[in-house]
Amino acid sequence: MSKKNTLFISCDEASHNCDKSQYNEASFWERLKLNIHLLYCKACRKYSNNNTKLSQVINHSKVDCLDIKDKQIMKDCFEKELRDQHQN
Amino acid sequence: MPKHQIDPNKWIDSYSDYLFNYTITRVRDRDTAQDLVQDTFFAGLKSMKNFKGEASERTWLISILKRKIIDYYRKINSKKGKAEVRINYNSDTEDEGDWLEERVADSFDKTAEDNLENTELGLAIHNCIAKLPEKQAQVFKMKTILNYETEAICNELNITASNLWVIIHRARTTVAACLEKNWF
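Chain order of the listed sequences is X and F.
When we follow my numbering, the leftmost residue of the first sequence carries the number 1, and every step to the right adds one.
When we follow my numbering, the leftmost residue of the second sequence carries the number 1, and every step to the right adds one.
Don't take every hint at face value.
As the list claims (entries may be wrong) - Just some of the chain X residues that point at chain F, by a computed CB distance under 10 angstroms: (1) 18; (2) 33; (3) 36; (4) 39; (5) 40; (6) 41; (7) 54; (8) 60; (9) 64; (10) 70; (11) 74; (12) 79.
To be verified - Negatives, chain F to chain X, calculated, CB over 10 angstroms: (13) 34; (14) 68; (15) 77; (16) 133; (17) 138; (18) 158; (19) 172.
By construction, these hints were calculated from the structure, which means they are not laboratory data.
Glycine is no exception: its CB is placed at the ideal position from the N, C-alpha and C atoms.
The task is simple: from the sequences and hints, build the whole structure.
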């Protein structure tokens with residue numbers, strides 16, 4: 001338990017917190033621990049920068065894709081059509 | 001011997017998001033875009049025998065999609081008068097007279113170029129996502145592009161939260177490296 005409360009975390013945990021914070025899902029403590037880790041860990045700093053950049057690029061690009069359900073509907077329709085064609 | 005083979009069974013999985021992203025930047029309406037993509041797949045299926053294998057499947061499908069988008073605009077403009085371009089000398093507004101000052105291009109307004117760049121960037125992102133393993137691609141799209149809640153994805157795909165974060169981590173690393181190479 002004492003290990004869990006420490007402010008110093010492993011790189012694995014740091015990158016996990018970093019991923020979470022990209023989606024605004026990291027808690028205050030997780031962000032704090034991440035930032036402390038970033039103070040002394042160069043590798044994680046680099047990962048964190050790249051990760052943030054990726055988030056910015058994706059938000060900026062307004063990239064879009066089909067909703068999972070719509071895609072499934074489209075797939076069902078298409079497979080039906082495909083079967084019909086095979087029969088003819 | 002044609003270089004490219006055609007296999008409609010994989011079309012939806014492989015190309016639907018790419019085509020959709022291509023369409024949505026041109027029609028600005030999800031439902032319309034979805035219909036156009038679906039029409040494209042059907043049209044592709046019907047004219048499969050015309051596929052010569054000179055271009056990749058995706059290029060071929062995009063060329064069909066382009067025709068569909070043009071047809072779409074033609075159809076909504078076909079009612080009489082809608083297609084006309086009306087040029088009025090500000091008859092309906094108050095600020096008559098100084099039209100030149102009002103219409104001169106604003107050099108700080110770069111929206112057109114920005115949009116163009118965004119369109120290409122969106123397609124570049126889809127190219128990178130297409131290189132991911134299927135599961136990673138799916139989770140990454142749901143989480144990052146469609147902004148699903150973590151819990152919703154876990155329920156939908158039957159995975160645990162820590163499982164999801166591992167997948168997200170791998171996907172992000174790959175996509176970042178891919179974009180680094182192909183875009184910046």
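To see whether the hints hold, each was checked on the structure:
no.	hint	result
1	18	holds (9 angstroms)
2	33	violated (16 angstroms)
3	36	violated (20 angstroms)
4	39	violated (22 angstroms)
5	40	violated (21 angstroms)
6	41	violated (16 angstroms)
7	54	holds (5 angstroms)
8	60	holds (7 angstroms)
9	64	holds (5 angstroms)
10	70	holds (6 angstroms)
11	74	holds (5 angstroms)
12	79	holds (8 angstroms)
13	34	violated (6 angstroms)
14	68	holds (15 angstroms)
15	77	holds (25 angstroms)
16	133	holds (17 angstroms)
17	138	violated (8 angstroms)
18	158	holds (14 angstroms)
19	172	violated (6 angstroms)
The structure is inconsistent with the numbered hints 2, 3, 4, 5, 6, 13, 17 and 19, although it conforms to all the rest.
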